[in-house]
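Top line first, the protein sequences correspond to chains U and D. Numbered per the working numbering, the first sequence finishes at 438, counting up by one with no gaps. Numbered per the working numbering, the second sequence finishes at 570, counting up by one with no gaps.
It is possible that part of the hints are untrue.
Stated by the list, open to error - Below, computed lysine-lysine pairings styled on DSSO-like, alpha-carbon distance capped at 27 Å:
1) K85/D <-> K433/U
2) K179/U <-> K41/D
3) K266/U <-> K335/D
4) K185/U <-> K86/U
5) K540/D <-> K409/U
Simulated from the structure, these hints should not be mistaken for lab results.
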Amino acid sequence: MTKTITDVICPFCGTLCDDIEVLVSDDGKQLLEVNNACVIGSEKFLHSQAKDRVTKPRMRQEDGSWKDVSYDEAADYTAAMLAKAKKPLMYGWSSTNCEAQSVGNEIAEISRACVDNTAAVCHGTTLIAVQDIGLPTCTLGEVKNRADRVIFWGCNPAHAHPRHMSRYSIFPRGFFTGKGQMSRKMVVVDPRVTDTAKMADAHLQVEQGKDYELLNALRVAFRGEWLPDVVAGIPKEKIREAADLMKSGRFVIIFFGMGVTQSLSKNHNIDIAIAVTKDLNEYTKCSIMPMRGHYNVTGSGEVFAWQFGFPYSIDLSRGFARYNPGETSSIDLLARSEIDAMFTIGSDPGAHFPISAVKPIANMPSVCIDPHMTPTSGVSKLHVPVAFNGVETGGNCYRMDNVPIDCRKVVEPPAGMLTDEQFLVMVRDRLKKLKGVA
Amino acid sequence: MSEYIIKNGHVFDPVQGINGDKKDIAIKDGKIVDKVGSGAKVIDASGKTVMAGAVEIHAHIAGPKVNLGRIYRPEDKLFSCTPTKGMERMGGGASIPTTFKTGYEYAKMGYTTAMEAAMPPMFARHVHEEIRDTPIIDEGAFPVFGNNWFVLEYLKNHEIENTAAYIAWLLRVTKGYAVKVVNPGGTEAWAWGLNCLSVNDPVPYFDITPAEIVKGLLEANEYLGLPHSMHIHPNNLGNPGCYQTTLDTLALAEGMKAKNKFGRESVMHLTHVQFHSYKGTNWGDFESGAKEITDYVNKNKNITIDTGNVTLDETTTMTADGPFEHHLTGLNNLKWANCDVELETAAGVVPYIYSPNISVCAIQWAIGLEIPLMMKDPMRCYITTDHPNAGPFTRYPRVIKWLMSKKARDTQINAFKHKDKVLSQTSIGSLDKELSLYELAQMTRAGPAKCLGLGGICGGLKPGMDADVAVYNFNPDKPVANPDDIETAFSRCAHVFKSGVEVVKNGEIVGTGNKRTLWVNVKVNDNPQVMRDINEKFIKYYSMTQANYEALGHHFVPNPYALEVDATHV
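From just these sequences and the hints, can you work out the full model?
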């Protein structure tokens, strides 16, 4: 007999779908089938069943080979590394639960580490813009129930957040949007003709890197002021049309992604996008929301904020929390070789950081806590595989709209495997002893 | 558990009517007791003031909007970071301190219980994670009901029983404490960019008025017999002339009587009254309506209030009154954050600088002090700063100084740039009253505890009650040489006990106590209709499933303390 577990939360992207159904074997040890999830989400669940999965911590030997070690040895190494380091970097946190993040923060505080999450290479610029100008936003259910104008700016949910449009933004029939897709106008701003753009009522094919200009032109158009014939590659008539479309909505929502946060102008793009949102609130109702990537990058920012006061790129090396992205952010710390130990959890800087920031990792004591083999585990001295969060252990996570949802455990991890939190607790307790902290 | 005896202190305990008498307070097994054995640890409190641990009835200290404030105001941490020290975790933030700092600061001032004033139900798990990480103090959280679609739909047809059943369900799944109402109807209107500025403005689509919502929730609250009364932030906050809306709201409670087993006598708690006591028609002729409001409250015994004192600081305003924050950003042009929550509520955040050089701010300061000075029954008026809206809670000692010393008030009035305007638009200059320590204990301990239905547990020093005790370096026998001494004394306690555990000694944290999460567990008759409605709303309109909605599990509420209510009467 098999059993079906319902209302399972998908631990992949910031959409954090919570309607997944998972079929498991009677003994709860095997995950057989995943329903309702997108193809990426299904793979995430099914990956946990891979036969060639690493199940024991591995230590890199002098000759470059790996040697299996116990979790105790792994925790000893990690604690000793953090105790000895003058300025360790603890990076990642976006693919683990808030409980693990909390223990991680305790460790960081004791070892006076720099702590950072993947926002540093993702929506960190958004956070900087929010610190400049604020953020009128809403939960995804508001979009579902009310939004009749949906703008996707520099993001491609058809591929990156596959169920976003069907669950929240375009297709669902909400309370005031009974006709579903028919009750909404969809605008996509993207230099490429993406699969999302192909669905749009209007696609503004902005010139690459000219988002700021286009957003600025929209603000001009709202006010009915003079515009040049072409802005950012878009004829002014089309800009005015788009502006009128937005103004005529009852509830406008702007979703934006890495196309604007990590292209030229970075946080300034978001600054003005938020200004556009504020402007629209003079005429109608408008909200804006970042399309967060990892399923719990939002939660990491939240936990950092309530414990240290800042959402990412925090330097605890002076004994209190400092925040200065550019100085205290991971890539900059690594590129300047300012840190002397690297601790990675729940993310893969090896695959996403510039090579100048990855190379130093190979030359310092380093730990990578990740269920998978990744480019980061490849350059680290110690790889600690752990149970899949959201599959083999539960824990709280925050959706892209900051709504917390408690993940579920659906299947047992391979025998003897620890969760992120369990391993971090081992490290914390050892570190406290080494540092003589009560 | 250790036994303690606090000897020879001047005890102020309105619960037992003790007014400054020298008395020993004995602590055993976490409770106040009549006497302890000779092995008890002796705390010498001679020449000191002894009170129960203070009770915060309304503050925004945990949850999504508080954290949004932390995230988007790095500047709030400038010069306010505190390093790891002994058993204290590092902290930061002035108007929106981190959770650890929040717990320590409250404890150091002698507070042992605090209520988070607005919990968006959908974000209950977030609120509880922050509460878990706020050390020492017992906390509860009030879920917001005033713009909830279930409530709007039931009350449109005046279905009190269904409303009550829904309240019971929501309190249980969110581990909530009381019925909070913020800008009833107005916040739902805000989802379309609109507002309800009077109690008779209809709510768009739902076709119900704020008056009907308030009246219905008052009745539902008493139908259930909850420990706390309905807790309301009425419509039209912060606008000149808003006192009329406040009076209209208060009138809705007329003739109602409290029904509960917790000793609560009020049916409506009107919060941060300062923001709701404005007369005038614009910011030029802005004046105090404190007299009109306190006259009404003095006469109507079923109403309690808290003050919302402006402390003249830079702070961060945050409220579930979404339209108000949008209005405020239009006034001060500072960064505006907003979050609308599906089917339930909304919230806004805007930084604000209460400058003593701006006449409106100075008048707000005066109104905040007029209210407690004009209230005849200190058991029905509690000191708050609506933290962080009118000022950070860490300024309570300063507010106490102003209330206890006319000299301190005059010094501040003389420092205002628009002193004449403050004197002409308010009556602060003519109020000679100085709060006594007994009245202070009523306004910060016995009063709020009773109003919250916790009167038998905390807020007093009667044997059997929780051993929450604060000892202040303040000698009531000696005349106060300098009003600033009052502020100093109430800033850092000599000793604080939380449930019998010493948590503060000489102003330093020495223990993290046994923090609890307070919530209210109401039993009601099975109500299939409400259960079906809840199920339907989740299937059709929520963006998450019902099965994932509840705040369940050890990591959200590790140490719960449930107040049980049986409302299964027919």
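Quick rundown of the hints versus the structure:
no.	hint	verdict
1	K85/D <-> K433/U	17 Å, holds
2	K179/U <-> K41/D	72 Å, violated
3	K266/U <-> K335/D	19 Å, holds
4	K185/U <-> K86/U	54 Å, violated
5	K540/D <-> K409/U	26 Å, holds
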